[in-house]
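**Student:** Generate the whole structure from the sequences, applying the supplied hints.
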Amino acid sequence: MENKEKKQSRRKFFFKTATAALGTIGAVGIVTQSCKEPVEEGETVSLLSPDGTLVEVDKANISMAKMPAQVKEARAGIPNKKFVMVIDLARCRNARKCVTNCQKMHDLEPGDEWIKVFLMQDSNDTAPYWFPKPCFHCNQPPCVKVCPVGATYKRTDGLVLVDNERCIGCKFCMTACPYSSRVFQWKDPVHESQADHDYSPETSVPHQVGTVGKCDFCPDMARMGKLPTCVTGCPNGVIFFGDKNEDIVTNGTESFRFSELVYERAGYHFMAELGTEPNVYYLPPVDRLFDYETGFKTLTSEQKEFYEKSIVKKH
Amino acid sequence: MAKDKIFLNDQFNQKVEKDLLAHLLPNKKVGNIFIFVLLAFILVGIYAYYRQLRYGLIVTSMRDYTSWGVYISNFVFLVAISLVGSLFSSILKLSKATWSTPLTRISEIIAIAAIICASVIIIVDMGRPDRFINVLIHGRIQSPIIWDVIIITTYLTISVLLLYISLIPDLAICRDKLTDAPGWKKWFYKVFSINWHGTPEQNNILHKVSFMLSVMVIPVAFAIHTVTSWLFSTTWRPGWDSTNLGPYFVSGALMAGAAVIIVAMYFIRNALNIKEYLTDKLFDHMGKLLVLLSLVYLYFNINEYLGPAFKMVGVEGEHIIELFFGKYASMYWLVQVFGLVLPIVVLVFAWGRKPLPMLIISILVLLGAWFKRFLIVIPSLQHPYLPIQDVDESYRHYIPSWEEWAITFASFAGCLLIITFLVKLLPVIPIWETKKEEGNEPKQQEV
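Protein chains in written order, with the numbering used here: chain A, 1 to 315; chain B, 1001 to 1447.
Please note that a few of the clues may not be correct.
[Unchecked claim] Pairwise CB distance ranges (calculated):
id	chain 1	residue 1	chain 2	residue 2	range
1	A	Q121	B	D1392	21 to 27 Å
2	A	A76	B	D1130	50 to 56 Å
3	A	K187	B	N1270	45 to 51 Å
4	A	K187	B	I1399	48 to 54 Å
5	B	I1033	A	E305	42 to 48 Å
6	B	V1296	A	E293	51 to 57 Å
7	A	G111	B	V1341	23 to 29 Å
[Said to hold, decoys possible] Over 10 Å on every C-beta distance to chain A, these chain B residues come out as not near it, computed from the model:
id	residue
8	D1125
9	I1151
10	N1203
11	G1326
12	Y1395
13	L1416
Worth flagging that the hints you see were computed from the coordinates, not collected in a lab. Everything numeric in this text was worked out from a predicted model, so none of it was measured. Each residue gets a CB set at the ideal place from its N, CA and C atoms; glycine is no exception.
**Tutor:** What follows is the structure, encoded as structure tokens:
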């Protein structure tokens, strides 16, 4: 009886102060926004409040919030997924669309690159090739091992993410990462678009000064069933992304069985000897579609000179 | 005969007390100028840190590749200096090297000052010092940084206890004799001498406790610098990826510690006019000790560089070439020659172990020690497995900004300020141990 009364009073409370009450519900992922489309009044919908009570709310008063995954969700990972990336070095000509797309999506400043394109050469006798490098989302991630506060963490879906609201900025992960994948926010972020939504480790924006960022494999896109922005941006279909559990990777236009692709094309891990077990596989640059020289077209002569000077011999 | 001896003892003890308490009374203005200079350095450092808090770590020269700079190398240096406390109040004490007794308190004071400044500097390096509390809330015991936090706090605690326990009888002497001291000082001596009267029971407890502490501090002291070395050796970086790093750091630290004691001795004995207690003979002993410690460090240096230099594999090889012949070569060879080889060569001769040559050599050792840590931290970061391509010019070099230098100098000034304050507050030579040990013979005991 008392319980019923309590429920009723609560119901009343919600109806009367819909806006304020839904603000509370916002804590689990829904926030009120002013009604943008006309919805018929009187129709109600049942919602679960944070304390576990079922409440009914007028449809006119609610709208789906554009909310990124909350920290708890973002720490757990997307269920039943094992994300994997395959990069076909035979197709890359340093078009740099992966870099610029990523910078646009993640509000990165021109100098900050979460995916980089290196110019590599295995030995003096072999031809140079372009080598796009995102974060490898290692299964044995050195960065996660050294983090003193668990701000960078490994998820069930294989992703290694950073919680910029917990990061203390000690930069230990940056020295620990053998692939130099991490980028520090040295100064206050300046982009306007960052105010658009709340922070989530899955979107990695807005950036926070004094914390570490890196390639996140765009899990916010994955939740919407979309591909990472570097994959969709690439004009040559260099980067394949997919799910190991489904055994499928795609670059948006072609799809392959992951296991067959890496088996038949002799896929390999970059610096496998470090034992970090990356989730990024490379297909060797055989039967190349482009001469590596074409990669210099988009660059200034200064950039070209520097690339050539510091050409990488794989160790 | 026996009566004469007691009389002489008394006379000697009175003189010891008079000499060693003199510096605790308000005195010369020179000290004040020194303090003002230190405060000026600290103020500039605080302003630099304010700028860093205001604009972010962008005011430093650290960038994504060289993500640890002079803050971290200075931190390693200060931790190294702090090891000196354990060297004197534990290792030499337990090995019954009684000549070192007058130096125990100085070494403990320096150790505490260095460890406090090291803790401050590590917070300065953090991008988000406002979130330091996360270390307590979300601390992961797997991370070497947490090991470092634990061991630094442990070492600081034990060092403070070591200093304090051996101070109690001296504080009692201050309480009884320094009737002219300012009120707050008298209050301090009274409260902190915790009713010490030198009864046999009290003496018994004191000896037990200080023995226990001096045994306990050895593993902690070794751990503090070994753990600091693990911050580096747990990563894959060239020059850090080494099993030699722990003993290499510890031996380097003990050497730098001995040098810092020599410098401190030189200035303290002149400033406080206590040459009778910090004798030339003591310098001679310290010189021999420094040679020994330098030889040990030399051994670990050879061990550290020979293997990778022989193999010249990949980035390890690039790193070695950079140090030996590259852009860090002049710094590297200056450090190795003037900070390591020269001290050994000079100090093996008796003329080299006179106070002034010792001072010069020790300053060289300290400079070498500081730059050596720079060479350990920075060049390694500039040789990642994937080279530094496709980045802004500023990412490829590292020359500390003025803010970094200002904060570094402020850390030294802070260290010196703590030392100066403690020297003005506490008897810098243990009076009760001097009295007891030397009896009526004001001569250093030989080992």
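**Student:** Work down the list of hints and note, for each, if the structure agrees.
**Tutor:** Here is what the structure says about each hint:
no., hint, result
1, Q121/A / D1392/B: 21 to 27 Å, "holds (23 Å)"
2, A76/A / D1130/B: 50 to 56 Å, "violated (27 Å)"
3, K187/A / N1270/B: 45 to 51 Å, "holds (47 Å)"
4, K187/A / I1399/B: 48 to 54 Å, "violated (19 Å)"
5, I1033/B / E305/A: 42 to 48 Å, "violated (55 Å)"
6, V1296/B / E293/A: 51 to 57 Å, "holds (55 Å)"
7, G111/A / V1341/B: 23 to 29 Å, "violated (42 Å)"
8, D1125, "violated (7 Å)"
9, I1151, "holds (13 Å)"
10, N1203, "holds (44 Å)"
11, G1326, "holds (14 Å)"
12, Y1395, "violated (8 Å)"
13, L1416, "holds (27 Å)"
When the structure is compared with the earlier hints, violations turn up for hints 2, 4, 5, 7, 8, 12 and for no others.
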